[in-house]
Amino acid sequence: MANLDTALPPLTERSTILRWLRKNLFGSWLDSLLTIVGLLIVYWALKGFLTWAFTAAEWRVVSANLRLLMIGQYPIEQVGRLWLWLAFLVFLTGTSFGIWARQSRFAVGVLMLPAVLALVFPFEGAARTWLLALTVIGVAGWLGGRTKPEVLKRSVIAGWVIALPIIILLTHGFSESTTGFWAVAKTNLWGGLLLTFLLTVVAILFSFPLGVLLALGRRSELPAVRWFSVLYIELVRGVPLITILFMAQLMLPLFLPEGMTIDRVLRAMVGITLFSAAYLAENVRGGLQAIPKGQYEAAQALGLSGAQTMIFIILPQALRLIIPILVGQFIAVFKDTALVAIVGLLDLVGIAKTVLAQPEFLGLQREVYVFISLIYWVLSYGMSYLSQRLEERLGVGKR
Amino acid sequence: MQRETSQTTIPFWRDERVLKVLGQIAFVILVGLFFSVIFRNMMTGLAKQGITLSLGFLRGVSGFDIAETLFPYDRNSTYLQAYQIGLLNTLLVSVVGIFFATILGVVLGVARLSTNFIINRLAAFYLELIRNLSLLVFLIFWYLGVFLKLPKVKEAIIWTGNIFLSNRGVGIPWGIPTASFPTFRLILLFGFILALIVFFSLRAYSQRTGRAPLTLLWTLLTFLLVAAAGWILLPEKPLAIDLPRVQGLRLTGGKILTPEFMALTSGLTLYTAAFIGEVVRAGIQSVSKGQVEAARALGLNGFQTLRLVVFPQALRVIVPPLTSQYLNLIKNSSLAISVGYPDVFYVSNTIQNQTGRAVEMIGMVMLTYLAFSLITSLLMNWYNKKIKLVER
Chain L
1 MANLDTALPP LTERSTILRW LRKNLFGSWL DSLLTIVGLL IVYWALKGFL TWAFTAAEWR
61 VVSANLRLLM IGQYPIEQVG RLWLWLAFLV FLTGTSFGIW ARQSRFAVGV LMLPAVLALV
121 FPFEGAARTW LLALTVIGVA GWLGGRTKPE VLKRSVIAGW VIALPIIILL THGFSESTTG
181 FWAVAKTNLW GGLLLTFLLT VVAILFSFPL GVLLALGRRS ELPAVRWFSV LYIELVRGVP
241 LITILFMAQL MLPLFLPEGM TIDRVLRAMV GITLFSAAYL AENVRGGLQA IPKGQYEAAQ
301 ALGLSGAQTM IFIILPQALR LIIPILVGQF IAVFKDTALV AIVGLLDLVG IAKTVLAQPE
361 FLGLQREVYV FISLIYWVLS YGMSYLSQRL EERLGVGKR
Chain A
1 MQRETSQTTI PFWRDERVLK VLGQIAFVIL VGLFFSVIFR NMMTGLAKQG ITLSLGFLRG
61 VSGFDIAETL FPYDRNSTYL QAYQIGLLNT LLVSVVGIFF ATILGVVLGV ARLSTNFIIN
121 RLAAFYLELI RNLSLLVFLI FWYLGVFLKL PKVKEAIIWT GNIFLSNRGV GIPWGIPTAS
181 FPTFRLILLF GFILALIVFF SLRAYSQRTG RAPLTLLWTL LTFLLVAAAG WILLPEKPLA
241 IDLPRVQGLR LTGGKILTPE FMALTSGLTL YTAAFIGEVV RAGIQSVSKG QVEAARALGL
301 NGFQTLRLVV FPQALRVIVP PLTSQYLNLI KNSSLAISVG YPDVFYVSNT IQNQTGRAVE
361 MIGMVMLTYL AFSLITSLLM NWYNKKIKLV ER
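Residue numbers (the working numbering), protein chains in the order written: chain L, 1 to 399; chain A, 1 to 392.
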């Protein structure tokens, strides 16, 4: 018998470029054929796209209309208010990164983004200054968060809580007079990416609690509550979003008592929120089902009431389990807000029609829609990337 | 002991059983109140506009044209007929979309798992690219940016196989039934019945002996053989091939697929295929490696391993999410309105604009989509039950 201690190490394959090529690209004749076909597709697609993008495409339609695409017809006089809340948001983000993601290089990259945007895209002079200032503000917040995390923690959390009211208030304005910096900007002037952003944020924030409630309702022991939740969830999930948006636009005003009117943007927000709540409810239910029964029993043994069990024991675990699914749902909401263009709101997609209606930009649909797609892509991809990072930090599936 | 517990009765406001009942009653009353209030508001609002809820208006003459109809329709037809035309168009787009999206999706899912570096990366790139786009923008891009940007009819691009690409539509060769077509239809029916017989006898054979013949392949082959024999043996060909051609300023002959239809189906297909690709990839990956190794150890070859071991197990994971992708495609086909394809939602929107019957039309459309969803779920649930793991 050979001595086990002197056993030879297993054979290792020396990896060279040639070996790698043989293994990954030219393993068999079929593999080689696929490789060649694949390379041809890459070559053809890249060549086609790059030739178009750098020679044929007239990007001036985007650069000349950058303002419309970003904020629609929001009054120029009051644009400063948007920059104010954006600065507030960036500061909060920077500080949060400083406190909770101290080592993350990705966070620094995000904070540099406004400056990069300012350099890459042809913004107007004032906008460019603001964007550069945003990076400075963000980095300042980041440094502040790093140096005094314990002091700032509470105020940052408070800041996030009041962020949405501040955003809405600043965007809407509150002065009675029709001119001036604080004058009200009517919602029909909200447009472009600004409107898409507001619709997304409002829909996500309001559909989340609603979705959790519906999920709890669906798992409730009370038949009346359970059946109501099931009916709501299945009804909404069975119809397309566009029908719900039309219902919100046409029927919501009818539902209100006489003399009461409801703003068109608000109607869209209600529609998307109600729609997304049903989907969120199903996701949350999935998370709830994954929590073992022992958790309920342990909580009960500790003397917690039903509500306490839910809030302190079950929901924190269930929600952490479904973070990736939740983010996926939020991305879907973001992409779905585009549908408000069909009911006549001027969001990023709706405003494209206005841009293309200008006589000097006729026939430049490809440029405009490629640019809009790029915005959707970058933001969606960014969100899913962020969620992967968050997952790693929270250690989902590792505890 | 028992007497003691019955003596210490808790007051009813702290008795959980009573509370539960009371809570539910309160909940029902609140919900009922809410809906009755908004219903009353709606009725008074409608009465003010002089509208009473009824579906009688559907019998009125529509007075509008629909660009694409599967069945005869003109502006003298009723609203109800217009609605039916829209319904059929939705069905058409959904079926075509599901068919192609499934094929492309399976290819993408398998390609994503390929050991070939280029193919693997290419599929991954496609999935990441598409899944982060907004479907509406995607559809509009295909319509305004691709199909309406094709050259004029006179300068139409002609692909091999007589496919004409122009901004007025895509012309493809199409068969026109000739005099012998009814006979051919009978032959097809005969082939179908024969194929069914083959299918069931092979299945019975498989259950009796425990072998696994290629049931689907033989079934399909039987049908194709009968069809081919009919095609060759009939004195006159049952279908005359009609080629598309340019006539003046428009395309005629063959089958002309409008830019609206092309944009909607290609957009929906390419978009949903990306999601199906992910579903398929996850399904195949869910089959543990040990299963494949065990199959190889039993002496099954690569194809047999796939067919008898990997595929049936992957299918169980794939079918439920695949169902929801199909449902998504059907629901997303309502975005036809953004490219001007007359599906059920677009038609109902036109009807509603003409008659002012918003409540009825929205109700009808919602019920229609609910019915679609229900039928698809039922079909897929039935299929899912059939392939489910048989447990003791």
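Derived from the structure by calculation, the hints contain no laboratory data. Hints may contain errors.
What the hints assert, rightly or not - Facing chain L, from chain A, some residues (calculated, C-beta under 10 Å):
| no. | residue |
| --- | --- |
| 1 | G45 |
| 2 | R121 |
| 3 | A124 |
| 4 | F141 |
| 5 | V146 |
| 6 | L150 |
| 7 | V153 |
| 8 | I157 |
| 9 | I158 |
| 10 | L300 |
| 11 | F303 |
| 12 | L327 |
| 13 | V365 |
| 14 | S373 |
Unchecked claim - In silico SDA-like pairs for lysine to any residue, Cα to Cα no more than 25 Å straight-line:
| no. | chain 1 | residue 1 | chain 2 | residue 2 |
| --- | --- | --- | --- | --- |
| 15 | A | K20 | L | Y296 |
| 16 | L | K23 | A | G302 |
| 17 | L | K47 | A | T252 |
| 18 | L | K23 | A | A295 |
| 19 | A | K385 | L | G238 |
| 20 | A | K48 | L | L252 |
| 21 | L | K23 | A | K152 |
| 22 | A | K152 | L | A53 |
| 23 | A | K388 | A | T252 |
| 24 | L | K186 | L | Q308 |
| 25 | L | K47 | A | L148 |
| 26 | A | K289 | L | S28 |
| 27 | L | K353 | A | I66 |
| 28 | L | K47 | A | Q304 |
| 29 | A | K20 | L | E124 |
| 30 | A | K154 | L | R366 |
| 31 | A | K149 | L | R22 |
| 32 | A | K152 | L | L256 |
| 33 | L | K353 | A | V292 |
| 34 | L | K23 | A | T252 |
| 35 | A | K20 | L | A298 |
| 36 | A | K20 | L | E297 |
| 37 | A | K289 | L | R22 |
| 38 | A | K388 | L | E234 |
| 39 | A | K152 | L | T55 |
| 40 | A | K149 | A | T252 |
Predicted model, so just to flag it, every value in this text is computed and none were measured. We put the CB at the ideal spot given by N, CA and C, even for glycine.
* Hint check: 10 Å Cβ-Cβ cutoff, A/F303 to chain L -> For A/F303, the interface hint is violated, since the closest Cβ of chain L sits about 14 Å away, which is over 10 Å.
* Verify the interface restraint on A/L327: the C-beta must sit less than 10 Å from at least one C-beta of chain L. => holds (8 Å)
* Asked: Can the restraint linking L/K47 and A/L148 be considered satisfied, given a maximum Cα separation of 25 Å?
  -> Roughly 22 Å between the alpha carbons, so the hint for L/K47 and A/L148 holds.
* Verify the proposed pairing of L/K353 with A/V292, using a straight-line Cα cut of 25 Å. => Status violated; Cα separation ~54 Å.
* Mind checking the CB of A/V365 against every CB in chain L and telling me if the closest is under 10 Å? => holds (5 Å)
* Asked: Between A/K152 and L/L256, does the CA-CA distance stay at or below 25 Å?
  -> Given pair A/K152, L/L256 is violated - Cα atoms ~51 Å apart, limit 25 Å.
* To do: Sort out whether L/R366 lies within 25 Å of A/K154, counting only the CA atoms.
  => Holds, at about 23 Å.
* **Agreement of A/K20 and L/Y296 with the hint, judged by alpha carbon distance not exceeding 25 Å** => Answer holds: A/K20 to L/Y296 is near 19 Å, not above 25 Å.
* Asked: Given A/F141 was flagged as interface, is its beta-carbon under 10 Å from a beta-carbon of chain L?
  -> Cβ of A/F141 sits 4 Å from chain L, so the hint holds.
* Decide if the proposed pair is consistent with the structure: A/K20 and L/E297, CA atoms, cutoff 25 Å inclusive. => Between A/K20 and L/E297 the Cα gap is close to 20 Å, so the pair holds against 25 Å.
* **A/K48 paired with L/L252 [C-alpha distance capped at 25 Å]** => Satisfied, since the Cα-Cα distance of roughly 16 Å is no more than 25 Å.
* Under the criterion that the straight-line Cα-Cα distance not exceed 25 Å, is the pair A/K385, L/G238 satisfied? -> This hinted pair holds, its Cα atoms lying about 21 Å apart.
Checked against the numbered hints given earlier, the structure breaks hints 3, 6, 7, 8, 9, 10, 11, 17, 21, 23, 24, 28, 29, 31, 32, 33, 34 and satisfies all the rest.
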